[in-house]
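Keeping their order, the protein sequence lines are chains A and B.
So the first sequence is residues 5 to 458, counted in my numbering.
So the second sequence is residues 5 to 458, counted in my numbering.
In case anyone wonders, no lab produced these hints; they're calculated from the structure.
You may find that some hints are simply not true.
Under 10 Å between C-beta atoms, here's a sample of chain B residues computed to sit facing chain A [what the hints assert, rightly or not]:
#, residue
1, Glu-8
2, Gln-9
3, Ala-81
4, Arg-93
5, Gly-115
Using C-beta positions, here's what the derived DEER-type ranges look like [what the hints assert, rightly or not]:
#, chain 1, residue 1, chain 2, residue 2, range
6, A, Glu-160, B, Met-290, 37 to 43 Å
7, A, Arg-285, B, Leu-254, 37 to 43 Å
8, B, Glu-435, A, Ser-203, 38 to 44 Å
9, A, Arg-403, B, Ala-132, 30 to 36 Å
10, B, Ala-202, A, Glu-400, 46 to 52 Å
11, A, Ala-68, B, Glu-8, 27 to 33 Å
12, A, Leu-254, B, Arg-199, 53 to 59 Å
13, B, Glu-435, A, Glu-400, 51 to 57 Å
14, B, Ala-132, A, Thr-21, 50 to 56 Å
15, A, Glu-438, B, Ala-255, 54 to 60 Å
Where is the CB? At the ideal position from N, CA and C, for every residue including glycine.
So you can see what is in the structure, the chains are spelled out below.
There are 2 protein chains.
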Amino acid sequence: MSAEQVRYLLPEDAIPTHWVNLLPDLPGDPLPPLNPGTMQPAGPDDLTPIFPMSLIGQEVSMDAEVEIPEPVREAYALWRPSPLYRARRLERELDTPARIYYKYEGVSPAGSHKPNSAVAQAYANREAGIERLVTETGAGQWGSALAFACGLFGLECLVYMVGASYDQKPYRRAMMETWGASVIRSPSDTTEAGRSQASHPTGSLGIAISEAVEVAAGDANANYALGSVLNHVCLHQTVIGQEAIAQLELAGDVPDVVVGCVGGGSNFAGLAFPFVREVLRGNAKMRFVAAEPAACPTLTRGAYRYDFGDTVGLTPLMPMYTLGHDFVPPPVHAGGLRYHGDAPMLCGLVKHGVVEPRAYKQNETFAAAVRFARAEGIVPGPEPAHAIRATFEEAEAAREAGEERVILLGLSGHGHFDMSAYQAYLAGELEDPEFSERDMQEALERLPDAPAIA
Amino acid sequence: MSAEQVRYLLPEDAIPTHWVNLLPDLPGDPLPPLNPGTMQPAGPDDLTPIFPMSLIGQEVSMDAEVEIPEPVREAYALWRPSPLYRARRLERELDTPARIYYKYEGVSPAGSHKPNSAVAQAYANREAGIERLVTETGAGQWGSALAFACGLFGLECLVYMVGASYDQKPYRRAMMETWGASVIRSPSDTTEAGRSQASHPTGSLGIAISEAVEVAAGDANANYALGSVLNHVCLHQTVIGQEAIAQLELAGDVPDVVVGCVGGGSNFAGLAFPFVREVLRGNAKMRFVAAEPAACPTLTRGAYRYDFGDTVGLTPLMPMYTLGHDFVPPPVHAGGLRYHGDAPMLCGLVKHGVVEPRAYKQNETFAAAVRFARAEGIVPGPEPAHAIRATFEEAEAAREAGEERVILLGLSGHGHFDMSAYQAYLAGELEDPEFSERDMQEALERLPDAPAIA
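Sequences and hints are given; from them, build the entire structure.
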């Protein structure tokens with residue numbers, strides 16, 4: 005059976021001992037975040053009200069490797085190393101000479117890659133004496149992950165859940181509550197930020213972030229936890245790519261192209277950055293494809309500017325592709341991808357041409373997801389369905405070119421809490437909402453008066 | 005980290021090559037099923053209208069091992085071998101000297117142990133030239149598994165879903181449809197059997213079985229597939245216990261007690277039978293605990309009699325503990341356990357005192373499930389929550405006795421499609437419906453006039 009091996013597993017002691025920090029290897033000088041009041045480079049003091057020092061240290065570290073604390077590795081062992089699959093059935097279905105591998109993060113208790121950072125953040129906060137973490141969640145994946153992680157480390161957990169997802173996914177909420185978290189629909193009347201956004205009842209990640217930051221900043225025993233975008237979150241996710249490198253070695257393959265979906269960028273970073281580093285160092289050559297929704301096309305259509313991470317403007321300004329911090333994306337089912345910006349590290353790689361972004365519409369991504377599910381069994385989340393769609397393009401291109409091509413796909417999570425979206429797709433009722441260039445331009449006009457990026 | 009190992013994994017080539025057939029090792033002479041018309045022992049001719057010969061052969065085989073076809077092993081490789089966990093966090097939470105292991109079948113694409121038999125049955129039917137499989141589903145686990153398996157082997161799939169589950173779990177239906185199956189709420193007006201049971205709108209497994217059997221028997225290109233109870237289904241599930249034996253060897257432990265939940269018995273059989281065989285052969289000594297719902301207490305309160313497998317009386321009569329084939333259990337959330345009978349092989353082991361049955365109420369099982377989820381991360385299905393409840397009893401008994409005790413728990417599936425039940429539990433709105441001894445007695449009076457069991 006080994007000639008047809010499907011899953012590549014690693015033993016527990018192959019859980020990485022370090023995270024990969026891409027910051028020192030990035031092209032150009034790092035662009036600092038800016039204090040929203042002074043527009044000067046933000047320092048640790050700007051972050052201490054909401055983050056513990058150890059995470060702030062990770063945020064700005066120029067060490068190429070950061071050691072993973074042993075209690076975090078022990079928590080990882082509940083599901084890591086995650087499996088790498090060779091998609092043999094899908095390859096036959098697509099009639100492609102490409103060899104397709106997917107790294108599956110849906111085996112985590114919360115069902116996505118998010119716990120990789122959640123357990124790291126919960127541990128760091130507990131060590132700092134914090135009693136409660138406050139966060140936001142879009143699709144519910146990050147909120148679930150943090151609820152799970154807080155349970156492991158004995159912290160309280162409060163989650164502001166984007167209104168559209170709260171309504172579409174009542175069971176995500178039940179899952180967070182099962183792990184002991186409290187969940188509030190955003191925008192809510194529990195914060196200034198929420199009350200100011202009552203005119204956007206479907207909410208957005210940006211609004212929910214504002215609410216969570218406001219609560220955390222006002223409570224000395226509470227901190228904030230972000231599930232994507234920031235350097236330390238991307239850092240925590242690099243266990244994914246490191247394991248994939250080891251698993252592909254077992255398979256005897258090296259990727260020609262690495263494909264992942266992008267919301268805030270942490271999933272993409274986690275899979276790709278360990279490979280990107282080898283490319284930046286001249287040790288390897290490969291392409292990187294970042295797949296995003298056409299309804300929220302940050303990397304393909306956004307402006308490369310300094311902007312807030314949240315809607316109301318409480319966070320430091322970050323250098324990134326942005327649709328404008330108060331742009332509210334249409335309510336597509338890939339709730340985890342509805343974010344106006346993206347991780348600064350990832351944006352820099354796009355700017356330098358290392359990562360190629362592509363945008364896909366909702367129906368074509370679900371078509372790809374259903375085809376994937378029927379071939380491989382796993383029902384993917386709507387977010388990685390974008391990466392599956394891009395993978396199909398790569399596989400079809402390989403067939404047309406008549407070339408072998410090794411594709412590594414990041415399958416960041418399952419779709420067990422997204423079946424209403426599948427239901428709508430199968431019934432032909434799924435919409436392809438339009439991105440509004442005009443709304444974006446108006447949102448960009450409301451950008452803070454920050455220095456331009458060179 | 006190895007001193008605290010949590011997951012025991014096996015490589016792909018450790019997928020068992022044979023299923024374990026307990027029939028030749030069972031105490032006493034095997035009791036044959038009876039033809040419902042003649043009350044004489046049923047032969048292959050009674051089964052050929054709905055099952056392929058290869059499965060009928062497995063149903064009556066007296067070989068101790070049955071070879072697994074290679075295409076079935078290849079399908080298993082999509083998720084097998086499944087992980088065995090040492091529940092270290094739960095042990096600390098329970099403050100018990102017991103060592104608790106759980107074998108987790110929720111890693112299958114359908115989320116439970118059911119695909120172990122579904123792929124075997126889909127393959128056997130495709131080899132026999134069948135184009136369509138018809139089945140029933142209670143909790144939705146079996147229907148999902150068969151939908152998935154039919155997808156892999158290119159068969160059409162029609163699922164009659166028990167009304168109560170159809171209403172509680174719309175997303176299970178969406179999952180089946182995503183894999184390409186058609187789903188009909190039972191009782192339906194598409195069959196004689198369904199129309200005759202319109203007065204039981206919440207339905208039952210027994211009614212849904214009647215509908216599926218009726219459709220399959222009337223279509224030469226279609227067969228029926230049952231997800232539990234029958235010998236060949238129990239047979240297919242024994243990959244679970246065989247892997248667990250190998251994984252416990254890695255851990256250096258042997259169970260003192262094996263605990264599983266019982267609906268029709270296939271999950272319990274799959275985990276326990278490879279261990280039971282060693283006990284029956286005098287090679288080992290251990291206890292076996294079968295956990296069932298107090299609302300449908302087949303093994304603890306049923307009569308040991310010949311009875312139909314379905315409500316209407318289309319199937320052969322089987323020797324088993326039964327609450328009466330037209331007993332309709334209260335609609336508890338553990339839909340997979342709402343069955344009036346149990347696998348004859350398992351019933352024989354209960355009768356001979358090899359397996360000890362215990363019944364638990366709905367709220368106490370959810371309390372155990374939530375505690376498990378907070379300690380181990382995995383949110384269990386309501387069915388294995390019964391086994392978790394029994395495991396807690398064993399762990400508490402070990403603490404009171406001050407003895408080390410090795411407990412092997414069958415965690416047959418996740419609860420991702422059961423979050424409405426968790427929601428109700430957390431809100432204090434979950435009921436503990438009563439088993440009705442009187443209804444059962446009336447149902448038993450309607451039993452067919454079959455020979456008594458010695």
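Hints versus structure:
1. Glu-8: Given a least distance of 6 Å, the restraint on B/Glu-8 holds.
2. Gln-9: 6 Å, holds
3. Ala-81: 4 Å, holds
4. Arg-93: 7 Å, holds
5. Gly-115: The hint holds - B/Gly-115 has a Cβ within 10 Å of chain A, the shortest such distance being about 7 Å.
6. A/Glu-160 <-> B/Met-290: 37 to 43 Å: 41 Å, holds
7. A/Arg-285 <-> B/Leu-254: 37 to 43 Å: 38 Å, holds
8. B/Glu-435 <-> A/Ser-203: 38 to 44 Å: For B/Glu-435 and A/Ser-203 the Cβ distance comes to about 41 Å; the hint holds.
9. A/Arg-403 <-> B/Ala-132: 30 to 36 Å: Given a distance of about 34 Å, which is inside 30 to 36 Å, the answer is holds.
10. B/Ala-202 <-> A/Glu-400: 46 to 52 Å: 50 Å, holds
11. A/Ala-68 <-> B/Glu-8: 27 to 33 Å: Holds - the Cβ-Cβ distance for A/Ala-68 and B/Glu-8, about 29 Å, lies within 27 to 33 Å.
12. A/Leu-254 <-> B/Arg-199: 53 to 59 Å: 56 Å, holds
13. B/Glu-435 <-> A/Glu-400: 51 to 57 Å: Given a distance of about 53 Å, which is inside 51 to 57 Å, the answer is holds.
14. B/Ala-132 <-> A/Thr-21: 50 to 56 Å: 52 Å, holds
15. A/Glu-438 <-> B/Ala-255: 54 to 60 Å: Given range 54 to 60 Å: holds, Cβ gap about 56 Å.
Checked against the numbered hints given earlier, the structure satisfies every one of them.
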